[in-house]
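**Student:** The residues making up each chain are set out below.
Number of protein chains: 2
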Amino acid sequence: MNNFTYYNPTRIEFGRDKEKTIGELLANDGVKRVLLVYGTGSIKKNGLHQRVIDSLNQSGIEYIEFGGIVSNPLLSHVYDAIDIVKSNNINVILAVGGGSVIDSAKAIAAGAVVDTDVWDFFINKATIEKALPVYTIVTLAAAASEMNGNSVITNEVTKQKYSIASVLLNPKISIVNPELMMSVTQEYLAYSAVDIIAHSIEVYFTATDHPNFQSRLVESIIKSVIETTEILIKDPTDYDARAEFAWASSQALNGLTSSGTGGGNFPNHMIEHALSALFNIAHGAGLAIVIPAWMKWYKNKNLAQFERFAKEVFGKSTADEGIAALSTWFDSIGAPVSLSAGNIPRESILDIAQNAYALGILWGMGNDYSVQSIEDILGYA
Amino acid sequence: MNNFTYYNPTRIEFGRDKEKTIGELLANDGVKRVLLVYGTGSIKKNGLHQRVIDSLNQSGIEYIEFGGIVSNPLLSHVYDAIDIVKSNNINVILAVGGGSVIDSAKAIAAGAVVDTDVWDFFINKATIEKALPVYTIVTLAAAASEMNGNSVITNEVTKQKYSIASVLLNPKISIVNPELMMSVTQEYLAYSAVDIIAHSIEVYFTATDHPNFQSRLVESIIKSVIETTEILIKDPTDYDARAEFAWASSQALNGLTSSGTGGGNFPNHMIEHALSALFNIAHGAGLAIVIPAWMKWYKNKNLAQFERFAKEVFGKSTADEGIAALSTWFDSIGAPVSLSAGNIPRESILDIAQNAYALGILWGMGNDYSVQSIEDILGYA
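Here the protein sequences come in this chain order: B and D.
Just so you know, this note's numbering puts 201 at position 201 of the first sequence, and the rest follows in order with no gaps.
Just so you know, this note's numbering puts 1224 at position 224 of the second sequence, and the rest follows in order with no gaps.
If you are wondering where the hints come from, they were derived from the structure by calculation, not from laboratory data.
The reader is advised that the hints may include incorrect statements.
Stated by the list, open to error - Mimicking BS3-like on lysine-lysine, the simulated pairs with C-alpha atoms at most 30 Å apart in a straight line are:
{"id": "1", "chain 1": "D", "residue 1": "Lys-1125", "chain 2": "B", "residue 2": "Lys-311"}
{"id": "2", "chain 1": "D", "residue 1": "Lys-1159", "chain 2": "D", "residue 2": "Lys-1125"}
{"id": "3", "chain 1": "D", "residue 1": "Lys-1172", "chain 2": "B", "residue 2": "Lys-316"}
{"id": "4", "chain 1": "D", "residue 1": "Lys-1159", "chain 2": "B", "residue 2": "Lys-223"}
{"id": "5", "chain 1": "D", "residue 1": "Lys-1159", "chain 2": "B", "residue 2": "Lys-311"}
{"id": "6", "chain 1": "B", "residue 1": "Lys-234", "chain 2": "B", "residue 2": "Lys-316"}
What the hints assert, rightly or not - Listed next, the stretches of chain B that the computed footprint assigns to chain D, with coverage defined by at least 3 CB atoms under 8 Å from CB atoms of chain D:
{"id": "7", "stretch": "14-22"}
{"id": "8", "stretch": "42-53"}
{"id": "9", "stretch": "335-342"}
C-beta: ideal position from N, C-alpha, C; glycine also.
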């Protein structure tokens, strides 16, 4: 097992009605005023926005609102929010939404405390040394952003979907109420399931070391996600399935499963980020397109682990059968498993590969993935 | 799934040579002087003590030593250390040792900041509201004390082995170097394995809710502990097995597996604490005596989970077969599985049951366990 640091100081408040405690939680931490960040309005329709405001008011927490964060969240929105934070002397960010909203909150938190361009952190021109505290109320289980220090933002000018990671960006407290996730469409439930499985398998397949314990944790996450997704497709209001799905999601990318594995890479995310940056496709949909193709391309580099995956997750014997079972399962829940199924034009493959390759260089994967290899992985069907 | 709070702010520094960084880690946190707590001298024989001192000196950290902590650590030692901390203006505790040393450090950390008797926290007469920061270097994987806020101390006057728990007692940083654990005797390796399995199954069997995901995490821990114990009995120097054993141990009692289960009870620990308090038996040995007996007594209260355990951990069909397999495995690694095997006299059963019952009352388990039921569980063979 490789040496590692595990440090996850995020406090999770999990369960029914927990969002009503946000004002009290902030007040207990001495917070007086927040930037309230959210998306394109669903929290206003379903009443969550009002419950949060009520809780803030009851505890005397002032707030300035910043709505409008979109999927594949945009750098321009982050810039706008940083200006508001700086000019209003705000020193805490409260994110209410899914991964895009939380990722934006983290970028705002990092950018608001420096005079330089926040994008410098994303292109490795600068290192995060401080950040405002972030609190979150999560409405979608997928990104695990509620329990890690990662943020992925799209620079719409340069067409780059890039990321930052720092424990300084770990939310101080995240509220996870599975009831808030019941209105997620079946389409986004499927994309979320794919995203969680992607977070689980990236390191599982690419790491330099595979301790059995960490592999078992990954397989536990994937089995629970498959099981609960199937329950939720039949009954979106099943609380226990929502809860198990959500808790497994947080564990998939909070540092636990990758501890001691030597790190591994995120090639599927590398390629998907290119798809999203160029075509604004949903992250989980993009991953479903990439994963089976990448698995076929990569399997012989780590055949034993692919055979293990086939056996432990799907009860199959060979690597190919395991890959086919996962692809079939993605398809069965409504996730696209090819570029054509995702309406990505065939003639874009070189652009995608070049965009992904540039990100791979930034992530230190230049030796593992050439433009040609990424084109090979994607293929077209 | 039940509502829960998960908050584990302990930073783990895991791997080879990490103990050499302790001075630097403390200095980075602004620490100037520590109470260095350790056991009965093994760290002096094996050189760890010198490496720690060297690291502290290099970083200019002053230290006052407090050695002599024993297994089933004593309240009188905690009192002595609190006096030293108070009279020397020390504000950080550094524990170097196993669970007993770390538990003592936490009790010192809680007791040194109040004018009242630290034992009041153990008998629920007072609540912990602050504590000195604790740092640890772990030499035995079993208690998970390096990654939780628990401390178990024996009051040798009243013959009570009682506990406290507070996130304020979570170590700030714990160094886990599996190499430091290689000199553990086979006997203590076995006791450690039993302890980790005990931590895993207490909530697994007694909780009010059993989310599949949390059950899978527990089974992952137990399977990895069984597998790595068998490797380590053959080769105590197998680094990867030591590492996996240690990381599984930390996960078994850090709040992760019990999240959302509604809590559950610790009946095996309740009874074992009585055995240790009265006979000073090793904690893991006491647990091995209690667990199979308790499982037979309890199985019909949660038969489905016992059948699940039999199937998932041992590939057996019935609850009884699962219990027998665990008991046989304890025996095979050299842990006693009956009072007679542990040299506990038959005529002590009532004393043990009364001591355990008193603790059960304190832990809120009075309705579940009478003195008579505890005598029934123990039996004598």
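**Student:** Please go over all the hints and tell whether each is borne out by the structure.
**Tutor:** Quick rundown of the hints versus the structure:
{"no.": "1", "hint": "D:Lys-1125 <-> B:Lys-311", "verdict": "violated (53 Å)"}
{"no.": "2", "hint": "D:Lys-1159 <-> D:Lys-1125", "verdict": "holds (18 Å)"}
{"no.": "3", "hint": "D:Lys-1172 <-> B:Lys-316", "verdict": "violated (44 Å)"}
{"no.": "4", "hint": "D:Lys-1159 <-> B:Lys-223", "verdict": "violated (46 Å)"}
{"no.": "5", "hint": "D:Lys-1159 <-> B:Lys-311", "verdict": "violated (51 Å)"}
{"no.": "6", "hint": "B:Lys-234 <-> B:Lys-316", "verdict": "holds (26 Å)"}
{"no.": "7", "hint": "14-22", "verdict": "holds (count 4)"}
{"no.": "8", "hint": "42-53", "verdict": "violated (count 0)"}
{"no.": "9", "hint": "335-342", "verdict": "violated (count 0)"}
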